[in-house]
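On the provided structure of chain A, position chain B as indicated by the hints.
Protein chains: 2
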Amino acid sequence: MGLLVVGSLGLDTVITPFDKIEEALGGSASYISLAASYFGGPIEFVGVVGSDFPKEYIKIIEDHNVDTEGLQIVEGGKTFRWTGKYHYDLNMRDTLSTELNVFEKFDPVIPDNFKKSKFICLGNIDPVLQSRVLDQMEDPQFVVCDTMNFWIEGKKDDLLKLLKRVDVLIINDSEARLLAHEPNLIRAARMIRELGPKILIIKKGEHGALLFVEDIVFSAPAYPMETIFDPTGAGDSFAGGFIGYLYKTRSLSPDSLKRAVIYGSTMASFCVEKFSKKVLKNYLTCRYKIVLENL
Amino acid sequence: MGLLVVGSLGLDTVITPFDKIEEALGGSASYISLAASYFGGPIEFVGVVGSDFPKEYIKIIEDHNVDTEGLQIVEGGKTFRWTGKYHYDLNMRDTLSTELNVFEKFDPVIPDNFKKSKFICLGNIDPVLQSRVLDQMEDPQFVVCDTMNFWIEGKKDDLLKLLKRVDVLIINDSEARLLAHEPNLIRAARMIRELGPKILIIKKGEHGALLFVEDIVFSAPAYPMETIFDPTGAGDSFAGGFIGYLYKTRSLSPDSLKRAVIYGSTMASFCVEKFSKKVLKNYLTCRYKIVLENL
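Chains A and B supply the protein sequences, listed in that same order. Per the working numbering, numbering of the first sequence is gapless, rising by one per residue and ending at 693. Per the working numbering, numbering of the second sequence is gapless, rising by one per residue and ending at 693.
Incorrect hints may have been included.
Copies of one chain are not kept apart here, so a pair can be met inside one copy or by any two copies together.
For lysine to any residue, the following SDA-like pairs were computed, each having C-alpha atoms within a straight-line distance of at most 25 angstroms [claimed, not checked]:
id, residue 1, residue 2
1, K672, D613
2, K596, M623
3, K672, R585
4, K602, N489
5, K687, P652
6, K554, V507
Hints are computed from structural coordinates only; laboratory data are not their basis. All values reported here derive from a predicted model rather than from experimental measurement.
Same shape as in the complex, but just chain A:
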């Protein structure tokens, strides 16, 4: 039994004030899987690409202890593509284009081998598809779920149904305010937890993240960074680090959840500076310790 990750897989074109990257490996599930893999895995991957998806990207994923049996490759289909542009302060971005392509008709099919998995991370896709994943699982015990303003605004009812079935919801601050119709984050958190998820994480970019569990509000800092090249995937890397650590330790106590949030922040920090994946493993513990020691 592995850690099941379902989400998008795509080709990202990203323009920052410093650089332009074309058709890079992107999508929520790829960032989540790679980040989670540094904690051991194995990761069970479910997603869809077209036949234009580079073989070397599949190899990168597989080289990270990720089982791609659940990856559908649509013959003659085009892979999901996203193009975005970041502004000078890197906190704001514009989506220049989104091509759903093969994602438009995606129906996540969970391979029999994956159905017994207890730890599930639902990357940011249509909440209807996220629910369909859970329908196929035999005994899901710890479900982490991401979503975004697009679904909060466009598929609220489906999202609300899904939320009753998830243990942890991870969203950013503007999404939390939108979901709860409440500007105060602490009040918004209380209202969102009444919708289902016992545990809520609100990501705040450079300001870190808030974890709500039991009656605890844990405020985790972001790793202080002087150089940010490209924030794409930071939120998914956070989710991957978070669930990767919990899957490894199999402990869900508040203390473990706090540690998992710090590991999530740490993985996000590597993501935004595009730290070479080859040396990442050695630096992970080091940066994690730096964050904890300075709390």
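The following block gives chain B in isolation, referenced to the frame of chain A:
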């Protein structure tokens, strides 16, 4: 020898979506003094008001172990007044009016009794006046200084001269970006510390505060609050809690500075919810512990 506090004293009219308060006790020095007083004092106060300043406000200050020998009362003069309006999310405010009045010609005169003090907190006033305070001190050893965008934009040269003489600068995130001409806060912090202050605190409102000391970046959360009535004075209450704690312990180690930041955040949290000052002392330790335990 006490803790010397110099700054403005005024009458604030504050409009929030919930309430309107007219001619309340305000000004940087009043918030700093009251917050610092909860750590023991004595506080030595230097400021100016007109003869229209309510006697009961002076009594409130004096009842908090504050020596008002340095308070100038200008006969026939009008006290500094500020009127501000907060928006629904309470993060944004508009200044509706500022009347400098007696502050226009204020020349801070330090009473002889106060000149030997080692701990000095320069509230947000003209950097020329802040420097003039330091000129009169015999042996200032720990100088904490606040400023704002108005002085960064209008009196940059005077501010830069002052910064070479202060140990701790406390500003908010937008002021830090403005002062350094740099959007990244970690880089901005490095640049600002090269201007003089060995220790820098960047306040980020609901996102807490960053302390930079030696090679440490300490990220302190804000106390998570569901109910914020009026944010006026939060930054000054932070400064008061910060220096009040350090003055009490007389320790300036990085660990003490971290604790002082947590005490500053705690005092700011009481300020924004307008917690009754009568019971504040008992709750201070309690809330401080809650923040620390959840780090």
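- Looking at the structure, which of the earlier hints fail to hold? none
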